[in-house]
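**Q** Use these hints to put chain B onto chain A, whose structure you have.
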Amino acid sequence: MIERLAMPNALKHTLPCQLTAIAALAQDIERWGDETGLSAKLVFELNLMLDELITNIIEHGYAEVDKGTIEVSAENDAGLIVLVVRDNAAPFNLLDLSEPDLESDIEEREIGGLGVHFVRLLADSVQYRREADANIVTIRKSVNATLSQEDE
Amino acid sequence: MTIHLEHRDSVAIFRPTGRLDSASSPELERMLTAELDAGTSRLVFDFADLDYISSAGLRVVLLAGKKLRTCQGKLALAGLRENVREVFSMSGFLALFAVAPNLEEALKSVA
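Quick mapping for you: the protein sequence lines, in order, are chains A and B. Be aware that the first sequence starts at 1, since it is given in this note's numbering, and climbs by one per residue. Be aware that the second sequence starts at 1, since it is given in this note's numbering, and climbs by one per residue.
The following block holds chain B by itself, in its conformation from the complex:
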């Protein structure tokens, strides 16, 4: 599990690779919290390189959504592959978040 963090204009882009599970999600949560504490209000999770997500990973995405809602921020998800999409679907999360096919579209939706 590696988590890339990149900034474009004032959007923070998190790109976790491999598995986002109970072992790796605390690191994403730590990075996310640091980013939000620094004042970031526009955020994209790019899941194009993510093979696997469990409820522990969803918890971090939900946390981001809740915090950004509070500060009128924007959040979009990009590049969900089949298995990851199924987990979002089973949780009812697809209705909660803006889901874009790729990073470029996601950036437009948080612009």
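Okay, chain A solo, but in the shape it has when bound:
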């Protein structure tokens, strides 16, 4: 389900709560990124954040129910990318999760929390709020602040 907003720099995409639906969102974000002039690197980072957030929502938030939808909007506001992910699952603030272990040897290494770590690392800011019966996560990222420009 794809709906273009009147504003050319904005995208709205609604997903069913199925992991297989994420690839179609990624394609849509790629198309939107092309239209609004974003680099392939930035589009990749936006898609990684969305994928990790939505996978969390589907596997945890919607784990007890087999239906529900997730609404994603993306907007390029003069170089500030704003992504909003909204679901109607039980209250869940992923920012409550602790930082993962990035140092220990392979035997002790755990995978939990890595997805949220990517979101924290790649976003300029991440906010969570519960509004009526919705979880709303807002990610902001400046077009000029991709990680690649800092480490390459």
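These are calculated hints, taken from the structure and not from any lab test. There may be inaccurate statements among the hints.
[Unchecked claim] Pair by pair, the computed Cβ-Cβ distance ranges are:
no. : chain 1 : residue 1 : chain 2 : residue 2 : range
1   : A       : Ala40     : B       : Met31     : 40 to 46 Å
2   : A       : Pro91     : B       : Ala48     : 41 to 47 Å
3   : A       : Gly79     : B       : Cys71     : 47 to 53 Å
4   : B       : Thr2      : A       : Arg130    : 39 to 45 Å
5   : A       : Ile106    : B       : Leu5      : 20 to 26 Å
6   : A       : Thr138    : B       : Leu94     : 27 to 33 Å
7   : A       : Gly79     : B       : Arg8      : 29 to 35 Å
8   : B       : Ala48     : A       : Glu59     : 25 to 31 Å
[Claimed, not checked] Chain B stretches covered by chain A per the calculated footprint, using a threshold of three residues with CB under 8 Å from any CB of chain A:
no. : region
9   : 5-17
10  : 33-46
11  : 90-100
As the structure is a computational prediction, the values presented were derived from the model and not from experiment. For glycine and all other residues, C-beta sits at the position ideal for the given N, C-alpha and C.
**A** This is chain B only, laid out in the frame that chain A set:
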């Protein structure tokens, strides 16, 4: 997402293509588990055709690393493209695994 599995000598080479995410990683995990259960102890992930990996994909790579460590096996990663490399870098995984520029070098490192 397609996952090619090939054997050279006694090395299993997994070559996933496209996206390795929460939707596709269970299939790689299933193939990997079958391979390890069959006694394979030398393994290469060739990521030359991989466009995208998320933490769900990393989880399977870590699982392989843990299991092979237990049985004194060997694991190497090959052909990481820029986006995939960035995800490995952000996770601190580049320090955990042997990373080779291409398949031939990876095969040497598990020989």
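**Q** Could you work out which of the previously given hints the structure breaks and list their numbers from low to high?
**A** 1, 7, 9 and 10
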